[in-house]
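Asks: Given the sequences, and given the hints that come with them, work out the whole structure.
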Amino acid sequence: MPKRLLHGKIVANEYVATGIKRLIIEAKELAELAVPGQFLHLRCREIGADPLLRRPISISDIDRAVGRLTLLYKIVGKGTALLAQLEADEWVDCMGPLGNGFALRGEKPLLVGGGMGLAPLVALAKALCPRPTEILLGGRGKEELFWTEAFASSCQNAHLTTDDGSAGLKGTVVDLLPQLLAAGGYDSVYTCGPRPMMEKIAALAKEYGIDCQVSLEEYMACGVGACLACSCAKTNGGRAKICLDGPVFDAEEVFG
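Each residue of the sequence shown is one higher than the one before, starting from 475 at the first, in the working numbering.
To be clear, the hints were calculated from the coordinates, so they are not data collected in a lab. Think of the CB as a built atom: it goes at the ideal place given N, C-alpha and C, for glycine as much as any other residue.
Calculated cross-link-like contacts (lysine-lysine; reagent style BS3-like; alpha-carbon spacing at most 25 Å):
#	residue 1	residue 2
1	Lys548	Lys715
2	Lys548	Lys483
3	Lys548	Lys616
4	Lys548	Lys495
5	Lys680	Lys708
6	Lys674	Lys644
7	Lys495	Lys483
8	Lys495	Lys552
9	Lys552	Lys483
10	Lys600	Lys502
Now the in silico label distances, taken between C-beta atoms and shown as ranges:
#	residue 1	residue 2	range
11	Ile549	Gly639	25 to 35 Å
12	Ala700	Ala657	45 to 55 Å
13	Gly712	Ala562	40 to 50 Å
14	Thr492	Pro604	30 to 40 Å
15	Glu561	Pro652	39 to 49 Å
16	Ser705	Trp565	25 to 35 Å
17	Tyr489	Lys552	14 to 24 Å
18	Glu564	Thr492	18 to 28 Å
19	Arg478	Gly551	17 to 27 Å
Replies: Pasting the structure below:
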């Protein structure tokens, strides 16, 4: 997969929820190459070696017509805190697009996401149009369901769960999923989020005989398969580099 190292001009870097920002970058070469499920490796400070490592962030939207990429990220440490300080018309060092994205399969897909795992599913939902795509998304409370707006134009139905019951079903996406799989007629499931959640989703999809792809979320230090920091076990006994062989895998490759 070809990749580029370049400076992207920041179009916007704005809050969409508490602690979560949307970064829009003008980078025509990257937008032409990117596919849903891939990520960029961003250098959060132009001068100096602290932080030393880049930050991997999923591509949330791809606009090839105007040459822009959108990234949604949560401020969780020094690197993302520095990234959050950048403003429109500044430049950010970008390497990408990295990793392997989703394979577009199935005629009636169901997307399942939790937390920041919903970010790469936005671009995927748009790529799957005009297929009758649905989304199952969950959060701790209704304040975390701002994501529904991101999927409004590309998903026929949005199924919601919240831990506190303030919106949708009280519970988690795993609680609602069996009901949807039994009645929804889906032929493919795509998921991204916490690993325990994805393991349960993959197991349910397998139980119902539905194709499932998972996007693994791990810290990827180098992003190009050199450091092995993100390697994981495969069900065939081998190991995979999530940054290079993934982050998207067929579920049976990594969960059985």
